[in-house]
Amino acid sequence: MKSEPANFTIHSSETYVKVVIRRAFTLALSKTGHRADSDDIAQIVGIQFLSDADNIMATYEPEVFAAVAVKNRINDFHRTERVQTGSGARLHKDPDGTVRSGRKNVILETVTEHGEVPLAGHVDFASDLIDSIELLEAIALLDPIDQQLVRDVFIEGFSVTDAARRLGLGRSGASRRLTAARRVISGHVMAA
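In terms of my numbering, the sequence shown is numbered consecutively and its last residue is 192.
If you're looking for bench data, these hints aren't it; they were derived computationally from the structure. This list has only true hints and no planted wrong ones.
Below 35 Å or equal to it, Euclidean Cα-Cα: the simulated DSBU-like pairs (lysine-lysine) are:
{"id": "1", "residue 1": "Lys31", "residue 2": "Lys71"}
{"id": "2", "residue 1": "Lys18", "residue 2": "Lys71"}
{"id": "3", "residue 1": "Lys18", "residue 2": "Lys31"}
Just the calculated beta-carbon pair ranges, DEER-fashion:
{"id": "4", "residue 1": "Val64", "residue 2": "Leu136", "range": "33 to 39 Å"}
{"id": "5", "residue 1": "Ser30", "residue 2": "Ala53", "range": "24 to 30 Å"}
{"id": "6", "residue 1": "Leu135", "residue 2": "Ala58", "range": "33 to 39 Å"}
{"id": "7", "residue 1": "Leu167", "residue 2": "Gly33", "range": "35 to 41 Å"}
{"id": "8", "residue 1": "Ser172", "residue 2": "Ala36", "range": "34 to 40 Å"}
{"id": "9", "residue 1": "Thr80", "residue 2": "Asp52", "range": "18 to 24 Å"}
Cβ atoms here follow ideal geometry from the backbone N, Cα and C, with glycine treated the same way.
Work out the full structure: start from the sequences and follow the hints.
Following this line, the structure appears as structure tokens:
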């Protein structure tokens with residue numbers, strides 16, 4: 001009895017996404033060792049597939065797409081995890097006087113009626129808020145195609161090639177536009 005080859009053609013997006021999510025979960029589990037984290041990564045990969053299903057199905061086998069997408073998402077996931085746990089963040093002083101690295105979390109309910117935040121980390125929160133506003137202002141300076149390109153690559157997590165294809169650009173042209181956009185953003189944020 002002959003078995004079906006590994007690189008069979010899948011015609012329905014439902015079947016394709018099932019294969020992608022199963023493979024993404026397995027790969028993520030082997031890299032993270034945590035089922036919950038692997039499930040999150042598999043969901044992100046599934047969402048990425050659904051955002052451009054026809055193009056991805058025409059270009060990649062499900063196993064290949066899952067492997068590449070998991071590799072990209074796992075780096076983003078670890079980076080986000082480091083930010084959330086405070087790795088590499090500034091030092092701050094806890095209310096008991098101990099100094100540790102990490103971010104001071106400011107809960108909106110702690111803001112007093114005078115707009116003050118009665119926590120030692122309010123300066124860190126305020127500077128992060130200002131940085132976010134400056135970043136949004138810098139992105140607003142870009143033309144609409146560059147804004148979409150920045151959003152697709154840095155927020156949605158698409159590769160430069162996939163983002164370029166979605167916008168009808170070549171990969172090298174999109175890469176040049178991203179480099180120019182980074183310069184505009186850095187120049188605006190540094191100047192502010």
